[in-house]
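K.L.:
Now for the letters of each chain:
Number of protein chains: 2
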Amino acid sequence: MDTLKLIDPKDMRNMVTFFPELLSEIALESDLKDTIIKIHENGIDGLCFIGMGGSSIAGNYVKAIFSEKATVPMIVERSYTIPKYINKDWIVVAISYSGNTEETLSSLKTAMNNNLRTICITSNGVMEKSGCQFVSLPKNFQPRAAFPLIFSALLTITELSLGENITNFKRITKILQEKTNLWGKTIPKPAHFASLFENKIPLFIGAEHLSAVAYRAKCQINENSKHLAFNSEIPEANHNEIEGFEDSGEDLIKPIFLRGNHEFSKISSRLDTTYEMYKELKLDPLDLRIDCSSTIGEMLALTHYLDMVSIELAEIKGVNPITGNRISELKRRLS
Amino acid sequence: MDTLKLIDPKDMRNMVTFFPELLSEIALESDLKDTIIKIHENGIDGLCFIGMGGSSIAGNYVKAIFSEKATVPMIVERSYTIPKYINKDWIVVAISYSGNTEETLSSLKTAMNNNLRTICITSNGVMEKSGCQFVSLPKNFQPRAAFPLIFSALLTITELSLGENITNFKRITKILQEKTNLWGKTIPKPAHFASLFENKIPLFIGAEHLSAVAYRAKCQINENSKHLAFNSEIPEANHNEIEGFEDSGEDLIKPIFLRGNHEFSKISSRLDTTYEMYKELKLDPLDLRIDCSSTIGEMLALTHYLDMVSIELAEIKGVNPITGNRISELKRRLS
Numbered sequence: 359m360d361t362l363k364l365i366d367p368k369d370m371r372n373m374v375t376f377f378p379e380l381l382s383e384i385a386l387e388s389d390l391k392d393t394i395i396k397i398h399e400n401g402i403d404g405l406c407f408i409g410m411g412g413s414s415i416a417g418n419y420v421k422a423i424f425s426e427k428a429t430v431p432m433i434v435e436r437s438y439t440i441p442k443y444i445n446k447d448w449i450v451v452a453i454s455y456s457g458n459t460e461e462t463l464s465s466l467k468t469a470m471n472n473n474l475r476t477i478c479i480t481s482n483g484v485m486e487k488s489g490c491q492f493v494s495l496p497k498n499f500q501p502r503a504a505f506p507l508i509f510s511a512l513l514t515i516t517e518l519s520l521g522e523n524i525t526n527f528k529r530i531t532k533i534l535q536e537k538t539n540l541w542g543k544t545i546p547k548p549a550h551f552a553s554l555f556e557n558k559i560p561l562f563i564g565a566e567h568l569s570a571v572a573y574r575a576k577c578q579i580n581e582n583s584k585h586l587a588f589n590s591e592i593p594e595a596n597h598n599e600i601e602g603f604e605d606s607g608e609d610l611i612k613p614i615f616l617r618g619n620h621e622f623s624k625i626s627s628r629l630d631t632t633y634e635m636y637k638e639l640k641l642d643p644l645d646l647r648i649d650c651s652s653t654i655g656e657m658l659a660l661t662h663y664l665d666m667v668s669i670e671l672a673e674i675k676g677v678n679p680i681t682g683n684r685i686s687e688l689k690r691r692l693s
Numbered sequence: 359m360d361t362l363k364l365i366d367p368k369d370m371r372n373m374v375t376f377f378p379e380l381l382s383e384i385a386l387e388s389d390l391k392d393t394i395i396k397i398h399e400n401g402i403d404g405l406c407f408i409g410m411g412g413s414s415i416a417g418n419y420v421k422a423i424f425s426e427k428a429t430v431p432m433i434v435e436r437s438y439t440i441p442k443y444i445n446k447d448w449i450v451v452a453i454s455y456s457g458n459t460e461e462t463l464s465s466l467k468t469a470m471n472n473n474l475r476t477i478c479i480t481s482n483g484v485m486e487k488s489g490c491q492f493v494s495l496p497k498n499f500q501p502r503a504a505f506p507l508i509f510s511a512l513l514t515i516t517e518l519s520l521g522e523n524i525t526n527f528k529r530i531t532k533i534l535q536e537k538t539n540l541w542g543k544t545i546p547k548p549a550h551f552a553s554l555f556e557n558k559i560p561l562f563i564g565a566e567h568l569s570a571v572a573y574r575a576k577c578q579i580n581e582n583s584k585h586l587a588f589n590s591e592i593p594e595a596n597h598n599e600i601e602g603f604e605d606s607g608e609d610l611i612k613p614i615f616l617r618g619n620h621e622f623s624k625i626s627s628r629l630d631t632t633y634e635m636y637k638e639l640k641l642d643p644l645d646l647r648i649d650c651s652s653t654i655g656e657m658l659a660l661t662h663y664l665d666m667v668s669i670e671l672a673e674i675k676g677v678n679p680i681t682g683n684r685i686s687e688l689k690r691r692l693s
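Chains as they are written, first to last, in this note's numbering: chain A, 359 to 693; chain B, 359 to 693.
Think of the hints as simulated: they come from the structure by calculation, not from any bench.
Hints are supplied without guarantee of correctness; some may be wrong.
A pair holds if it fits inside one copy or across any two, identical chains being indistinguishable in the list.
[Unchecked claim] Below, in silico cross-link-like pairs of lysine-lysine (DSS-like), each with a Cα-Cα straight-line distance of 30 Å or less:
id	residue 1	residue 2
1	Lys689	Lys637
2	Lys675	Lys427
3	Lys675	Lys497
4	Lys427	Lys446
5	Lys624	Lys467
6	Lys497	Lys368
7	Lys497	Lys528
8	Lys368	Lys558
9	Lys675	Lys637
10	Lys640	Lys689
11	Lys558	Lys547
12	Lys497	Lys467
13	Lys532	Lys547
14	Lys442	Lys427
15	Lys467	Lys487
16	Lys640	Lys612
17	Lys640	Lys624
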């Protein structure tokens, strides 16, 4: 766990800088591994990921990675309960970095009361004491900065559950480190990219596996930069949102298209054409592309880059990326 | 089919006015009914709704209505294909009002090639000739205005598939007609409500069954009013979006909270508290509530109201709610 010693958990830039290295830091305990392998051998009917915000987004990434080949449903639930159809042949994975997220604990309780198979991913809190087997994450991170740790754990659990090959995180770390070297060369410096929408609302547009990345980017800009942001998905946005730019968007919204090497050809044409049309509407869209040989590398390289963009935007605006004043205030009022 | 004769399909206001009546207009052919009852008797593993835009949103409504009691997964897919895990024990319902939506036809083809059980809902086009059993909708509507027709068909199919009681649409029509009488009395006139965000970007905020309504509202404002709009969901937005309003939202965004009588108590507190905090941030949020004795009534009464709000906003802005210039242009360029 050498990397962890290098990370100052009070410094968001520091945490995001070590994003690639954090992908390798989590290994499942052999007990838990054995449990999941046994579950796999008996067969599973589906995977239900429960969690909120920064603890939950890894669920969307894993679902996207398996979108084509998944042989059972994967669902991501962000509320106080889980659907009734989740039965003993499913696996429920509850993720709460703090271990104290009220919605997730409520859903976990429902699952445990119904004697469902549950696995937790947490660093602390009530969840650790729930009696459920768990992956123990290093403490003191911001939940959103713990994403690479959570993602590594969740992807490994999913792969074991489905009997799939285990992803080589060390290789991905290396790829992401190489991609970081391109910042400021073949893609803009994160600080420059952030400055392009400093006074606008970024609208992150993704398709397929990059939809999850677009949503993550929206949330990181919200939380780290205290800045409004939205996300949308192609092809769906082609059927409604595209009509919304008749006049009002020009000075307010900055569409940012997340692009990749692994797009279905029809989706590529839609992204190209939507970009062109937004350009003609004088929306001055941006295009962001980090080529990778794998979809998972593409997703993570873009995520790392956009995480850093959110830090740079915070710096430009003079706000502290570590704080979450509104979230804390809301929690205080609800308690 | 008396109502249909009264509707001028070239007049969006006219189509939206008859929203309540259109809920009663679709009855399944007895052949199709028998097919679905037989499928139910053999048992199903899940329901997969495929479609895009205005043809697809009914899938989210049906999913929300069954969220608590569904005994099998329901998924809504908006792309060119369907997940691999959809097998012969699922039902795939393909919805394309025009019958020519490229993404939906592609997904339907995959389903039919894999010998899956498919049912279509359409008014015309290639889908009608696909060889798949279909519910035939009245022609010449705008897909988004055909929502009550599509919804009636889809809910009936779902209820038959699950062996649930069939919804009494005539009763709901009556309730919606009564609720319409409240417009301008206990809730603002749609034109007045529209004027409250004429120069801003509305952000429709929903929770639970009203999340689908928030998304529908965003799309209707986009398409009918040619106006930007976004949507978000509580509790998830409490974990990220709430931080985005530090400074930039004040003059741009109008949060609109969709409220109901059927909220889980913890969700109610979250909506109340988020509303208060947005008020303190000077975002001047709006609150929209149409009390109904059922969740489905609540969803549809709010939908009817917000559909009309989108027409009024178009009128205020002097744009034609019937056209979809950007969507047509995009289709032209892609073909």
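K.L.:
If a hint holds in the structure, say so; if it does not, say that too.
P.N.:
Hint by hint, here is what the structure shows:
In the homo-oligomer, the alpha carbons of Lys689 and Lys637 lie at most 30 Å apart only across protomers (17 Å), although the nearest pairing inside one protomer, at 41 Å, exceeds that limit. Proximity of Lys675 and Lys427 under a CA criterion of 30 Å is satisfied in neither setting, with 43 Å inside one chain copy and 47 Å between copies. When the C-alpha separation of Lys675 and Lys497 is checked against a cutoff of 30 Å, the pair qualifies only within one copy, where the shortest distance is 29 Å, while the shortest distance between copies is 53 Å. Proximity of Lys427 and Lys446 under a CA criterion of 30 Å is satisfied in both settings, with 23 Å inside one chain copy and 17 Å between copies.
When the C-alpha separation of Lys624 and Lys467 is checked against a cutoff of 30 Å, the pair qualifies only between copies, where the shortest distance is 15 Å, while the shortest distance within a copy is 43 Å. Proximity of Lys497 to Lys368 under the C-alpha cut-off of 30 Å is restricted to the intra-copy arrangement: shortest distance 12 Å within a copy versus 61 Å between copies. In this assembly of identical chains, Lys497 and Lys528 lie within 30 Å of each other by CA distance solely inside one copy; the values are 22 Å within and 57 Å between copies. In this assembly of identical chains, Lys368 and Lys558 lie within 30 Å of each other by CA distance solely inside one copy; the values are 28 Å within and 37 Å between copies.
Within a single copy, Lys675 and Lys637 get their C-alpha atoms as close as 27 Å, and across copies as close as 23 Å, so both meet the 30 Å cut-off. Taking CA atoms no more than 30 Å apart as the test, Lys640 paired with Lys689 passes between copies only; the shortest distance there is 20 Å, against 41 Å inside one copy. In the homo-oligomer, the alpha carbons of Lys558 and Lys547 lie at most 30 Å apart inside one protomer (19 Å), although the nearest pairing across protomers, at 32 Å, exceeds that limit. Taking identical chains as interchangeable, the C-alpha atoms of Lys497 and Lys467 lie at most 30 Å apart only when both belong to the same chain, with a minimum of 23 Å there against 49 Å between chains.
Taking identical chains as interchangeable, the C-alpha atoms of Lys532 and Lys547 lie at most 30 Å apart only when both belong to the same chain, with a minimum of 20 Å there against 60 Å between chains. In this assembly of identical chains, Lys442 and Lys427 lie within 30 Å of each other by CA distance both inside one copy and across copies; the values are 25 Å within and 6 Å between. Taking the shortest alpha-carbon separations for Lys467 and Lys487, only the intra-copy value of 12 Å comes in at or below 30 Å, while the best inter-copy value is 49 Å. For the identical chains of this complex, Lys640 and Lys612 are neighbours both inside a copy (10 Å) and across copies (24 Å), given an alpha-carbon limit of 30 Å.
For the homomeric pair Lys640 and Lys624, the shortest alpha-carbon distance inside one copy (24 Å) is at most 30 Å, but the shortest distance between copies (43 Å) is not.
The structure shown violates just one earlier hint, number 2.
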